[in-house]
Amino acid sequence: MKSAIRRCFVLSVAAAAAVPTLLSAREARAEWDPIMHRSDAGVDLYLWSARFTGTSIAAVPFVQWDVARNLYLGLQFPVGVGFDSTRAALGNPTASLWYSAQKKDLTWYVGGRVSLPLGMIEGRDWRYALGGSMLAMGGWNPFLWATDTLPIGGLGGIEYRFTNWFVLRAGGDLGVYPSLRRTRNFGLVRSGDFDVALQLKVEPEFQSRSGAGGGLSLMTWLVPTASGDIAQTLISPYFVYDTQRTFFMRAGALLAVDRPLGPAFDRGQVASVYLQFGGHID
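Residue numbers (mature numbering (1 follows the signal peptide of the UniProt record, and there is no 0)): -30 to -1, 1 to 252.
Everything labelled a hint here was simulated from the structure, so no lab data went into it.
Honestly, I wouldn't trust all of these hints.
Beta-carbon label-pair distances, calculated as ranges [said to hold, decoys possible]:
1) N134 - T216: 19 to 25 Å
2) F176 - V13: 20 to 26 Å
3) P148 - A38: 27 to 33 Å
4) N40 - R215: 29 to 35 Å
5) V13 - L88: 17 to 23 Å
From the three backbone atoms N, C-alpha and C, an ideal C-beta is built for every residue, glycine too.
Between the sequences and the hints, there should be enough to build the whole structure, so can you do that?
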């Protein structure tokens, strides 16, 4: 638990360290729409392969659009596939609603989400596919794959454009997972209790005028209600290209830094290929 707290502290310090620069930044790229303040449709893909578990793909099609002024609705439809044993399953479809506002170079958002608990479905292959997909994503966004629970949560964060070529995003997600069965599997935690999961993310990104660029996502999650140190730190370096009018994409990797899912390049640990692509609806 102490190391989990340290992980959260490190990410918090990283975000806080940017505040003095944030206050003095003057340049902004007005035509660049923040991720949480635009209408998009696309898919996130994670590919992970390990000797003892086989190859897993987590596919998360998504769509988000403005339903009213500064109010956005987002839908996710996760699908998990295991190729070596030909397993497939639907994750928990998730609906999110958030308020997003802009003030000069700063965009902030706050909202909530709820998931349809398709993880209640019995079946060995179904649950193996869900488990493989959760591992492919490094345990991130567990509400998409958690079984025997009704995932509910809140989210919030900021995006700040320091200059024409640099933007910083920081956010968090607090989820609650009430048990719908006496014994269940919540990601890496097996319990019959009411669980809470916290996720934190900091993402600096560099962008060129052509729309090409790159960034690094620093992520950590923890389950404070679990016994022991159930927490994980992840990094995701990526290349990005965004026309801001039609097409956008990301390509990179998702790497587990420490245990239980890392170090990334040890045998059986999590080092996934990550790809996102889609289009702007506006």
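Now the hints, each set against the structure:
Here the CB-CB span from N134 to T216 is close to 21 Å, well matched to the stated 19 to 25 Å. Our hint of 20 to 26 Å for F176 and V13 holds, since their Cβ atoms are close to 24 Å apart. The beta-carbon spacing between P148 and A38, approximately 30 Å, falls within the hinted interval of 27 to 33 Å. Checked against the given bound of 29 to 35 Å, the beta carbons of N40 and R215, roughly 22 Å apart, lie outside it.
Checking the proposed 17 to 23 Å range against V13 and L88 shows it holds: the Cβ atoms sit about 18 Å from each other.
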